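Participant: If you read the protein sequences in the order shown, they are chains L, E, X and U.
Each number in my numbering comes from the position in the first sequence (counting from 1) with 1 added on.
Each number in my numbering comes from the position in the second sequence (counting from 1) with 539 added on.
Each number in my numbering comes from the position in the third sequence (counting from 1) with 1 added on.
Each number in my numbering comes from the position in the fourth sequence (counting from 1) with 28 added on.
Because the hints were derived from the structure by calculation, they are not lab data.
Every value quoted in this text rests on a predicted model; they were computed, and no experiment measured them.
Among the clues, some could well be false.
[As the list claims (entries may be wrong)] Subject to a maximum C-alpha distance of 30 angstroms in a straight line, what follows is the list of computed DSS-like cross-link-like pairs (lysine-lysine):
id, chain 1, residue 1, chain 2, residue 2
1, L, K358, X, K97
2, L, K376, L, K174
3, L, K281, L, K358
4, L, K376, X, K97
5, L, K24, L, K281
6, L, K358, L, K174
7, L, K306, L, K376
8, L, K174, L, K124
9, X, K97, L, K124
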Amino acid sequence: MKKLLATAAALALGAGVASADVKVGMITTLSGGGAGLGIDVRDGFMLAIEQSGRDDIEVVIEDDQRKPDIAVQLSDKMIQSEKVDVLTGIIWSNLAMAVIPGAVAQGKFYLSPNAGPSALAGKGCHENYFNVAWQNDNLHEAAGAYANSVGYENSFILAPNYPAGQDALTGYKRFYEGEVAGEIYTQLGQTDYAAEIAQIRASGADSVFFFLPGGMGISFLKQYADSGVGLPVVGPAFSFDQGILQAVGPAALGVVNTSQWSKDLDNAANAAFVESFEAKYDRLPSLYASQGFDTANLLISAVEKADVSDADAFREALRAADFDSTRGDFAFGPNQHPVQDIYAREVIQEGDVFTNKVIGVALEDHSDAYAAECKM
Amino acid sequence: MADPVLEARGLSKSFGALVANDAVTLDLRPGEIHAVIGPNGAGKSTLIAQLCGALRPDSGEVRLQGEDVTGLSVAQRARLGLARTFQVSALAMEDSVLENAVLGALGATGSPWRFWRAALSRPTLVAQAEAALDRVGLAEARHRRVADLSHGQRRQLEVAVALTLGPRAFVMDEPMAGLGSEGSADLTRLLDALRHEAPILLVEHDMDAVFALADRISVLVYGRVLMTGTVAEVRASAEVRAAYLGDAA
Amino acid sequence: MIGERVLSLGVLAVLGGVALLAAATDEPFTITLATRVAILALAAAGLNIALGLGGLVSFGHALFFGLGGYVMGILAFHAQTYTPLDLGLFEVAGTKSMPLIWLAAVAVSALVAIPVGLLALRTSGVYFIMITLAFAQMFYYFTISWSAYGGEDGLSIYVRNGFPGLNTLDPIQFFGLCFALLCVVLWLSARLARSPFGLALGAARQAPARAEAVGFDPMRLRLVAFIISGAIAGLAGALYADLNRFVSPAMFGWHLSGELIVLVILGGVARIIGPVVGAGLFVMLEHFLGQVTDFWQIWLGLILLVIVLYARGGIVGLVSPRRTGHG
Amino acid sequence: MSLILVIEQILNGVQLGVMLFLMAAGLTLIFGVMGLINLAHGSLYMVGAFAAAAVAGVTGSFLLGLVAALVAAAAAGALIEVTVIRRLYAADHLDQVLATFALILVFSEGVRWVFGSFPLFLDIPAALSGPVTLPGGIEYPLYRLVLIGIGLAVGLGLWWLIERTRLGIRIRAGENDREMIAALGVDISRLYTLVFALGAALAGLAGALVGAIQSVQVGMGEPVLILAFVVIVIGGIGSIRGAFVGALLVGLTETLGGVFLPAFFGLFTDPATATSIGASLASMAIYVLMGVVLVWRPTGLFGVRA
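Pulled out of the complex, with its shape left as it was, chain L reads as follows:
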């Protein structure tokens, strides 16, 4: 379990060591297969803390190894031993489901920089749980809306056979108005998609929607491009993120994906973020880095307004979401999940680097389907 004590105070040398007023516990994935995402969230988050120059926010970072049981034990540690006020950092929905309900029940705040399982957006919502990324269905819904806007009428849809995958297909179909040419659940962690691609080819579809995060998406896109099927593909940003696009290569060119953020979004906060992130870490920021950055800025905005020991005031300050988001407009809905624009992006090549370009807004001021079920 990686432990990093990164106190902003250390940066403001000579200012005297002030005791940190807000203690943040970050549980994220820093080793093993999915470490790239956790590292990005962490780096984005720490960049914002550093830029704020505040010496009253202390961040304790631990590696959950992408294992739910480890994540729960770390959250126990953060709460019991480190006595943190705020938890954040979890990447994966299954880890989030393991940690968040227990943490918020113990009076801690949880700011989610990535996962947004539906169970926590609807009946399971909680006044101390804030999602700064998206509800899991959002990007899929936007993909459905985009499909309508460009006139797709017969989509082939596929996702891994696990809850987030089932949510993805449900989310797409919630907005998509055309026919479904075929619906496939693949195996989690599957690496060969020849069989699925053959079914796509035979299905008579006019478009393909897929949700295959991480390495699964890389494999699918490479194989799909090579198959010569050539139907237009749309998907959520997770398979077209800065971190993995380089591994997909030309196979991703021209693919449309939906995201609440893109590095070319035209607002001052984003421009500054992209520039400073690249300067500090020597790589382009990813979606996850932007979410980490926004999460930290939300936290900072609340710390500026209220004392964390006054939970009600602090909660109100968080709800106000009074910070300059890298995505432009950002507000919380009644279930404390984002209300935000979701864009359609296209994969392009800039020199040697593959990246995304915004081509339009798929859904404006989009909330989520579960807010109504949330009784807070």
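Starting from the structure of chain L, add chains E, X and U where the hints point.
Facilitator: Using the frame of chain L, we list chains E, X and U on its own:
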């Protein structure tokens, strides 16, 4: 003549083209030592395996105390009172001598399904085991690990474990193998006395021991019983001499 | 050279002492770590019966660990949602009572161990290793897509289950429960190892022909050992789920099966206290190496290699070499 | 479901099987000759893929990448054989499982340490990209056909090596009687290093070939390792022929199960449930297959009888 305790009736066993046993018929009567001799490859090991249940015969049957046991497993035959020793010691090498003997005594009770009181604190088992160790001359060594025993001592322990079973019949596969002359003499004395508790089917290469002990001898050659007879008869047989002793001499 | 009994009591005293000290100094996370050690040790003690006494290298004990976890998760889920659990023929109510959950976890694990054992024990050696792995993988993939109980997301239980007369939410009290169960199981397995059954099982491992020749069926001995072993791992799984208040398919994962083997070997195969030493060392390595470097698993791997190559009897074997089989 | 689709899926199953064979052949060879159960075989696959991606990335040549994969995996294999593995030949399976499990940890995190946490890029060479039209109008990716070809060629090559060469004679002798070949003056420890490196090179080759159409990432070897074990257990451990048959069986079961089980359940229930149940069962199918084979033949299809 008393009914035979153990009987092989027309046992045949082939491995592919190789006929290992061809209609082998012999019996073991109360109070006797019946030796089976024959050159290497004569089918002695195959015969033992079939008698004890490790191999199913292609045809023929095995009877134990008049009952057909051909379909029974090794363990089932053991529970019916057939005790065997192995040519290559099959002992729990990490355990102590006493534990191995207690295992036999436990086998005699017919059930290993006792999970609570330690095996070594069950007086009847330990007494039985120690008596057997005493008879083979291993009483002194009872707390040593089997792995630390000499070859000869392991042979003795093999016999001791068989003793603890209190069997109806013994099948001994070359118990003298690798023993020095003194060891052989000790074991010969022990077996001599043992035949009155249960008869012994003795497969043995040590001809001195065989001639000293056997009431009857069966000569196995190429998977067939060449002849069965007393020591004198076998010694006198020209056939045996030609087929077996002749080769050896 | 320390006697095994002294060593065992000493190790348990250290584990209990660490937890008590942590309670006294208000270091609840240390108690959590100690609880983790106790529960992993319990699971490894279960595996040790199959692996150490029976010589059955099960690479699929996560199967039982996961089953125990899911029994806890499902029963508590139905209790917390006030829905009955439909078992086809009849319905049962969920429960939040630890003793009932433990009983169910042990029963379910043992019941599943019967067919799994019957099939797996037809094979031996590497085949046995792999077929046990295959069974665990089947459950892994099944639970991932079993949406009724959360699929890959797993199941969260919001409040730890209860035990009559105790406040299980208090870390030290929950530790006490796990520790007591661990002690009981270790004591039972020490008795088991010395019992007639243990003697026969040991013979079936070292010289199967001998076990048969004295009238025991080695297959049945192994099956019973496998069932007992699975039941204990199931109990540990239920406790682990309660420690985390969460179950997920990861509990069936092959990494967990591997880790359980690691714990047994680290401590010393077939040594009664071995699993506790192994679990303690493993959790400490994970905890302290992780503070030093992001790439702590490299070091963990190297340490494991050194132990396999140079300390065959595990840690317990170094401290207290074995003299006789069940010494 | 049209006949063409069925044929295409069978082709996909065969292709997956052939890839699994490359992994499984090395695994089963190492087990057959040295009696070693090597969990770290998947790590060698990963090493091959990373070496190929790194070299192809710098030089732009896929072929050089393949060479690098072979060399890197063989070198990594020889290195661990000399430092760790050879101490395990005499040990029981338990120690082998643990030690090679430890090697997985070292390799996975070591590769992450060197290459970082993000997947690497490795693409199909331009000459082999895109589909070709097969008789009957089946559009099939050329690269996958090439994979099938390479896999079959490697299979033949292995058969030739083992049946027809001096090295093969020694390998077969090593399987049967170690003392004997040592007595004949063959340097057994060099032979073992060689066989281990050969097995590692096969895994590295598979990693590089598959890496071009999949994601080159840390941990990529683990799922395929488990599949490869399923393959050799079904085929009979130590048997190259068994590995080949097992690989095809597993490849076909995996592919066809994923396609036909959902369709099968579609006959009884609504499509969404059918897809979900079908996919669940399909993911368990190969383990069920393995269970059935082992119950029927406890030492696999071509295994040596115990």
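Participant: Give a verdict on every hint.
Facilitator: So, going through the hints one by one against the coordinates:
As the CA atoms of L/K358 and X/K97 are separated by approximately 52 angstroms, the hinted pair breaks the 30 angstroms bound. Only pairs whose Cα atoms come within 30 angstroms are accepted, and L/K376 paired with L/K174 is accepted, the gap being roughly 26 angstroms. Distance restraint check for L/K281 and L/K358: the Cα-Cα separation of roughly 23 angstroms lies within the 30 angstroms cut-off, and the hinted pair is therefore satisfied. Of the pairs offered as hints, the one joining L/K376 and X/K97 holds, with about 26 angstroms between alpha carbons and a cut-off of 30 angstroms not exceeded.
For the hint linking L/K24 to L/K281, the alpha-carbon distance of about 24 angstroms falls within 30 angstroms, and the restraint holds. Pair hint L/K358 plus L/K174 holds up; C-alpha atoms about 25 angstroms apart against a cutoff of 30 angstroms. Simply put, L/K306 and L/K376 have alpha-carbon atoms about 26 angstroms apart, close enough for the 30 angstroms limit, and the pair holds. The hinted pair formed by L/K174 and L/K124 meets the criterion: a straight-line CA distance of about 22 angstroms does not exceed 30 angstroms.
Straight-line distance between C-alpha atoms of X/K97 and L/K124 comes to about 22 angstroms, which keeps the hinted pair within the 30 angstroms bound.
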